[in-house]
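Peer 1: In case you want the letters, here they are:
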Amino acid sequence: ADLKFKPGEDSRFNWQSLEDFRKGHDLKGQTLTIFGPWRGEDEALFKNVYAYFVEATGVDLKYSSSENYEQQIVIDTQAGSPPDVAILPQPGLIADLASKGYLTPLGDETKKWLLDNYAAGQSWVDLSTFKGKDGTAALYAFPYKIDVKSLVWYVPENFEDAGYEVPKTMEDLKALTEKIVADGGTPWCIGLGSGGATGWPATDWVEDLMLRTASPETYDKWVKNEIPFTDAAVVGALDEFGWFAKNDTFVDGGAAAVASTDFRDSPKGLFASPPKCYLHHQASFIPSFFPEGTVVGQDADFFYMPPYASKPELGNPVLGAGTLAMITKDTPASRAFIEFLKTPIAHEVWMAQSSFLTPFKSANKEAYANAPMKKQGEILLDSTTFRFDGSDLMPGKIGAGAFWTGMVDFVGGKSANDVAADIQKAWDAIK
Amino acid sequence: MTGLVLRDIRKSYGAVDVIHGIDLDIKQGEFIVFVGPSGCGKSTLLRMIAGLEEITGGDMTIDGERVNDVPPSKRGIAMVFQSYALYPHMTVYDNMAFGMRIAGESKEEIDRRVRSAADILQLTQYLDRLPKALSGGQRQRVAIGRAICRDPKVFLFDEPLSNLDAALRVATRIEIAKLNEQMADTTMIYVTHDQVEAMTLADRIVVLSAGHIEQVGPPLELYERPANLFVARFIGSPAMNIIPAKITAAGEATALELTGGRTSSVDIPTAASEVGKTASFGVRPEDLQITTGEDFLFEGTVSIVEALGEVTLLYIEGLVPGEPIIAKIPGILAVRRGDKVRFTADKARLHLFDAAGNSYRAA
Amino acid sequence: MTGLVLRDIRKSYGAVDVIHGIDLDIKQGEFIVFVGPSGCGKSTLLRMIAGLEEITGGDMTIDGERVNDVPPSKRGIAMVFQSYALYPHMTVYDNMAFGMRIAGESKEEIDRRVRSAADILQLTQYLDRLPKALSGGQRQRVAIGRAICRDPKVFLFDEPLSNLDAALRVATRIEIAKLNEQMADTTMIYVTHDQVEAMTLADRIVVLSAGHIEQVGPPLELYERPANLFVARFIGSPAMNIIPAKITAAGEATALELTGGRTSSVDIPTAASEVGKTASFGVRPEDLQITTGEDFLFEGTVSIVEALGEVTLLYIEGLVPGEPIIAKIPGILAVRRGDKVRFTADKARLHLFDAAGNSYRAA
Amino acid sequence: MSQLLFAVFTMVGGVLACAAYFFGTNWLLDRIFPSKGRTGAEASRNLRITNAIRPWLFMAPALFALAIYLVYPVFESVRLSFHDRSGTRFVGFSNFAWMINDGEFRQSIFNNFLWLLVVPALATFFGLVIAALTDRIWWGNIAKTLIFMPMAISFVGAAVIWKFVYDFRSEGSEQIGILNAVVVALGGTPEAWMTIPFWNNFFLMVILIWIQTGFAMVILSAALRGIPEETIEAAVIDGANGFQIFFKIMVPQIWGTIAVVWTTITILVLKVFDIVLAMTNGQWQTQVLANLMFDWMFRGGGDFGRGAAIAVVIMILVVPIMIWNIRNATREMEGH
Amino acid sequence: MIASSRSPLIILVHLSVLLLVALWTLPTAGLLISSLRDKDQLAVSGWWTALSTSSQNLTGRASAPDAQVERDGKFVISGNLTEGGSAKVSAFGVRPMQPAAFEPGTAADIGDGQTLTVNEDGSYELVSPAKMEGTRGQRIFYTASVPPRFTLDNYREVLSAAGIGSSFINSLTVAIPSTIIPILVAAFCAYALAWMPFPGRAILIAVIVGLLVVPLQMSLIPLLRLYNGVGAFFGVPAKTYVGIWLAHMGFGLPLAIYLLRNYMAGLPREIMESARVDGASDFDIFVKIILPLSFPALASFAIFQFLWTWNDLLVAMVFLGTGNDELVLTGRLVNLLGSRGGNWEILTASAFITIVVPLIVFFSLQRYLVRGLLAGSVKGG
Ligand SMILES: Nc1ncnc2c1ncn2[C@@H]1O[C@H](COP(=O)(O)OP(=O)(O)OP(=O)(O)O)[C@@H](O)[C@H]1O
Ligand SMILES: Nc1ncnc2c1ncn2[C@@H]1O[C@H](COP(=O)(O)OP(=O)(O)OP(=O)(O)O)[C@@H](O)[C@H]1O
Ligand SMILES: [Mg+2]
Ligand SMILES: [Mg+2]
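Residue numbers (this note's numbering), protein chains in the order written: chain A, 4 to 434; chain B, 131 to 493; chain C, 131 to 493; chain D, 19 to 354; chain E, 17 to 397.
Okay, chain A solo, but in the shape it has when bound (with noise of 0.2 Å):
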């Protein structure tokens, strides 16, 4: 296979660490499939970050993915053909694998690897362990790719001409918000349209707001329903997201436009001419959606989602989401593999390539492709909280289902308590 970067030839990359790696590993005559989420120009990214473990160790390896992964999967594991290794986006999804016996641990030199070499690494364990069909807890997971989702996107141009600063707080935010009403201008696009998945964008918002108005442990407790979907304090972010979406004057279209619009078409607001909207908020994925040509960092940009100035002691949280690596066939190849992710070399190709962040602390900052990426990269290696995507750890039919419907619901005219109400007695009846 072509490598796409010659090794040894860019100082960025940590060449040693292949080569240390290609040393323990010869896989000749092996096979190793892998499932992935990955499609389209993903796909080729992440074809030229396993073009080093092929190289460095002689595995033959075949990658597939499917626009319906979740169903594949389960489909694959329940009849007995799993790939070796799958990555997959959602931990709820990985916590059903894991409670059927479908995955194998990981082992404690890997748990302590993440300890020791992720930057918030208890956050990661934490994330990455199951319990197993025994009922006991292990490490099954690799958390390898992260978005971050607390961003907010805008035209510094546009700013620029209005005259509108950057907010360093949410009550600036909020401000803002006003003022853009005032000044005849929409401030925010929110598109929760996604087809069948309708609904889920407004879970980031309300998951960010939550880790801005409660504590992190609130916010662990939600997601594993210990405490009530109608606890005071998720029935406050839904209200704080609810300022901002329900209200007609704020969001491009109204209110009731909120739940239709498609997510992938929202961000378009922003470059319209005149502008339809000044705000966006949305994960690090975003750009590919933005019209051709659009420059991150020049045409777009984003800040971080500023917390309250009155809840300091929140800190900076972060809101984020990713892939993880699992094993899903217990063989030396799919072991080498999530081996091979632990190399910075496996991280520095693909932060070189773009739409990669990674909380690998020995990962080389400076590869990342461009400004943006590396701003991102210090959000996240910056956060004094991190925190997973809430509604991916939730139970699917909650987390990929009740919860997005009680979204659309809430933006479409609900009142939180009763939304909440409603997704709790949702969970209540899958438990």
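Hint data in this document are derived by calculation from the structure and do not stem from the laboratory.
Please note: incorrect hints may appear among the correct ones.
Claimed, not checked - Okay, the calculated beta carbon distance ranges per label pair:
(1) Phe379/E <-> Lys428/A: 51 to 59 Å
(2) Phe250/E <-> Lys31/A: 21 to 29 Å
(3) Gln419/B <-> Gly159/C: 30 to 38 Å
(4) Leu39/E <-> Ile67/D: 54 to 62 Å
(5) Gly300/A <-> Leu39/E: 41 to 49 Å
(6) Ile214/D <-> Asp199/C: 50 to 58 Å
(7) His150/C <-> Leu168/E: 32 to 40 Å
(8) His150/C <-> His30/E: 31 to 39 Å
(9) Arg49/D <-> Lys31/A: 53 to 61 Å
Unchecked claim - Derived pair list, reagent style DSBU-like, types lysine-lysine, alpha-carbon separation capped at 30 Å:
(10) Lys249/A <-> Lys417/A
(11) Lys407/C <-> Lys477/C
(12) Lys262/C <-> Lys289/D
(13) Lys304/E <-> Lys237/B
(14) Lys289/D <-> Lys103/A
(15) Lys262/B <-> Lys262/C
(16) Lys458/B <-> Lys237/C
(17) Lys283/C <-> Lys266/D
These figures come from a predicted structure and were not determined experimentally.
For glycine and all other residues, C-beta sits at the position ideal for the given N, C-alpha and C.
Guided by the hints, dock chains B, C, D and E with the ligands onto chain A, whose structure is given.
Peer 2: Coordinates of chains B, C, D and E with the ligands only, in the frame set by chain A:
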């Protein structure tokens, strides 16, 4: 060589009884014609013989073997369907060749037989056509051709000539007769409404009525000595004239008083016990002659004159109210509507039936 | 009241020409019968009149109005199809009532007319059946019933009686004749292969052959004075006997020398120029009489005797090789196969055709 | 190239193997129980045997495939419906008990009945009308191809298509959904069609009707062409106009096929889920049984017990249709 | 019938078909046009606007300051906003909130003494008394009427994707036998159910109808388990072409049998009887009479079965696999969409690329949906 034997054959469609128990022995090589009114069960009987219709009751044997449950293909039959039943997707040639191909005949043999059948039936120029591009008569001929191409033990024909013109009908009829002669061992069963066909082709005619047999016999016997009123009326066209009568004297010859008052005597012996009973006196239209003498059988007014060329039909009113007597007189007559005409008839050719409709002669 | 006029009507299916130019005037109220060999185009012509078949060439007018492009429903016709064309999903009753329902007749009127038609056609007990549970003849009767239930300007019948038994056929024929009488204004066009039907029903008969008209005329005219050999052979059953001959003397009567050497003379005038030409001498089977005298027309050996009851058919070999002369003698004869028989015939009933097949009489 | 060769080879091989089965078994049967050229009694005995066996020979591959691919999973579903989420622990009727109390399930049942009422009837109706109308015009085939197109379009494609129809943009901004564009052009205010409870069901149904009309059209147009031309001619002569011919002559004659199409679409409606999944995923009260089942089966690892229980309900719903078909089949066989 | 084809009713027929066709194709037309549009336009304006010249608010950017030239002591940047100059500018502005503040040709003051002039043809001139700084050009907002513009880029992108050719062949390898085999199998079965008497026939028919309802998703796991078992037993890979053919056959059979049986049961009984009398066995009758006469039904089912197998993704993914060499066309195209499925321009184009083959199949099989196949075979009602 016992041929085909039907014993108390019955058929019902659900609650409708169609065949009420038929007993019939058909010798091998015989030519049997089924006649009977429309809907009396001829086709049904034929289809049962072919094995296409389940036999509800009774036994059928071919050559001594019970065949009730033997499928059609094993009975060694060929059949011409009343509704043709051509294969719509095959050309005329293929329609005729189908059976032989199934039987695995050689190509040359098939070709020879198809062409000769087509020749006989004047179909040669249509061999490449599909049935839908044929006229009604042509379709019927294909159906016949299909049957005669094969070489079966039993031929079944269901009104095979009904859509043909007179000339072709005669020609085809003669071909069938020839076929019958050439294949002395082949039994033929033939349904027709055509008197001429029935009379000329049949070794024996079976007269059916409402699902049972009225009479079986050679054509002339049926014509001359019909067993009952039904057969008498059915055989011969126009039908036999029937005049209600009363027996006035019995003996070697029977004396009668006809409706209308005329008396007559017929050469049929009756028992003395019959005197005084009502009877039906029958005379065929073609047995009536016009007379000017006094010794006439009856007299009447001509209501319709139908000149057919070779014969003239006279419809005579006045004897039986509402039912004209028909006379068939050779040649073209000068008789006009409204004329009063007297008729006489050969005594030997008169018929007499009892009140139940059975012939005195047969008794 | 000009009725129906056909002017140079033509029809072709792709490259196949089926109708070659028909000219025909049919007066309103006339009863026209089409006869002709199977496949000659009768059904096609009928279907063109009905408007079911596009007219490839020529003009058709009804009551003076060109109707080539008028849809069938606007032509005021009723038709009995050769293949019945019953509505398979409707009961017999509904089949017959359909047209009237469409026309919006009252329920009582429909019921009355359906029941009376069913009565005539002996279908009353089948009114609730679907066509598939009927015999062939019953289906045909339903088709007729459907047509006579309606009240059209023109009736078209395509072999309506072909599947009926003799008795029913006569009865139905008479019903049709009655219908024709009652509805003096209704034109009827009737296709049949049955000579008797053609002769009894027709005001005029149209003899078709291979898509063109051979002769048009009243039945007896066609029988007595066929315009050509084709008509001569076609009308009458069995067909007219044709014997090749040579004209030996012309004048008021024509003297002939027949094949086989016998001479004869016919009461047909010919021009002197015809002497020496070959001609066809024709005599109908029913015009032949057996004679023992010396003044016979010809002599031959009987090869087949067909006794039909009322008449006997004799097939005489020896005159024209390969083509037996047929004689139709009334009654049942004592003649046997192999007998030598002499025949004579009335001079006035002989026919003579020139080499092209046209009658000398007509000329 | 080699892939092409392989493809052609496997294709031909597969098809030939299948054909060989039928010819082979049939030949064998005639070999084992010969009737040609045998004497009477033996021949007819053999014939009886072959006649009893042959239907099963003809049906064997079909029955085999049906048994494995459909019957076996049915039993598996029934079994799973009495088990817990991982399909291992027996839980009795608790899945069904849960179901009855589940609001979403009741919503789905209600919606499914709406679908069953509307979609099969309309799709069959449009299919029939289009088949009849296009039958006799010169560009009928082109028209049919165009109407068939939705059937041929992949589901992802269809989802985009209807996005361009139902899309909603706020008032004042440019509409990219044609429905709202029309509404706006007529002076109305744009609507978020997918979110209007109850009515949104119908907007979803429109999509399925749009797709399934092609199915109905193709099947019915084959049936229409089987109608004997003469019966139509007879009706023309009887003075029937186009509508009368259509409703009184053609429709009754293809009634059997109409029933088949209707049945097929009805069953398909019971199974419909991809439209709902792609357009709303059951939100805004548009949930249907099949999507609910899918949701429980696969979302977040899946709950096989509940998924299977819903599947069992779907399968039970088809029972009336089966009974109706048994009736039809027996009646039809009597008619023969 | 010909005569009636000239009646005024026929015009009505033409019109109603036209209307129905329009209704049915309108949504698809949207897709087609969208697939030819520029991908940024897709989500911004309705597809129908692409057909005509439209007035759009656009944003452009002047060339970067390093392109400035000094003229008469002033610094000038000039250029053209509309590449090729096909659009016509009707207004322009320099601030996002007032995109149409100036008429074309007028000089807009943008502060610091700088002026901007945009002409109708899209050419602009930015004049500054002082040397301009920065790396980016000045944004220019303008309203322009843009003529329809179409591009084949979307198609090019889809068609040039790696592996599309072999996926195409994979799809055919799946679809063709998956169409032919079930038809053959179903036809035999349908014949037996329609014309061969045996006990339990009606029940069997009903069961087959009932099986129509079995949700595909329910079967996948048990079946795949079975496959793995069989595969392991024989030591062959579980996911093979034969496996997927059988799967498609299994799922397609109920409908096939149901449709075909219904059709075959409607064939005239006499034809079969006649063949039987001619000595044909059931096998002969089936092959020589039933099959040819069932062509309309076979063709219509073939159309659907082909279409389903061709457009199928799920069964192929499960039974054939998701790897690169097994991927069918639908799988390949879906993978092009990227992980978040937002690339409508690819969706639109690939929808039309996949539709081509089924449409060809439809068009070529359509001629088997013939009229009057049975004409002339039997007489009577
Ligand atoms: N579709 C067609 N294509 C070609 N030739 C046809 C077609 N239909 C009929 N013919 C031919 O046209 C001729 C006339 O057919 P038509 O049905 O009018 O005959 P007919 O006089 O009614 O015969 P019959 O007495 O046998 O019913 C026949 O020779 C027939 O083969
Ligand atoms: N499927 C059926 N159900 C009920 N009755 C039937 C069925 N088929 C035929 N019949 C009746 O059985 C009787 C005999 O029918 P068949 O066809 O044998 O008559 P046929 O003697 O051939 O008459 P035709 O000379 O008119 O052809 C008819 O009265 C008919 O109505
Ligand atoms: Mg009959
Ligand atoms: Mg005809």
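Peer 1: Determine for every hint whether it applies to the structure shown.
Peer 2: Results of checking the hints against the structure:
no.: 1; hint: Phe379/E <-> Lys428/A: 51 to 59 Å; in the structure: holds (53 Å)
no.: 2; hint: Phe250/E <-> Lys31/A: 21 to 29 Å; in the structure: holds (28 Å)
no.: 3; hint: Gln419/B <-> Gly159/C: 30 to 38 Å; in the structure: holds (37 Å)
no.: 4; hint: Leu39/E <-> Ile67/D: 54 to 62 Å; in the structure: holds (58 Å)
no.: 5; hint: Gly300/A <-> Leu39/E: 41 to 49 Å; in the structure: holds (48 Å)
no.: 6; hint: Ile214/D <-> Asp199/C: 50 to 58 Å; in the structure: holds (53 Å)
no.: 7; hint: His150/C <-> Leu168/E: 32 to 40 Å; in the structure: violated (59 Å)
no.: 8; hint: His150/C <-> His30/E: 31 to 39 Å; in the structure: holds (36 Å)
no.: 9; hint: Arg49/D <-> Lys31/A: 53 to 61 Å; in the structure: holds (55 Å)
no.: 10; hint: Lys249/A <-> Lys417/A; in the structure: holds (10 Å)
no.: 11; hint: Lys407/C <-> Lys477/C; in the structure: holds (21 Å)
no.: 12; hint: Lys262/C <-> Lys289/D; in the structure: violated (39 Å)
no.: 13; hint: Lys304/E <-> Lys237/B; in the structure: holds (18 Å)
no.: 14; hint: Lys289/D <-> Lys103/A; in the structure: holds (28 Å)
no.: 15; hint: Lys262/B <-> Lys262/C; in the structure: holds (21 Å)
no.: 16; hint: Lys458/B <-> Lys237/C; in the structure: violated (44 Å)
no.: 17; hint: Lys283/C <-> Lys266/D; in the structure: holds (25 Å)
Comparing the model with each earlier hint shows violations of hints 7, 12 and 16; every other hint is respected.
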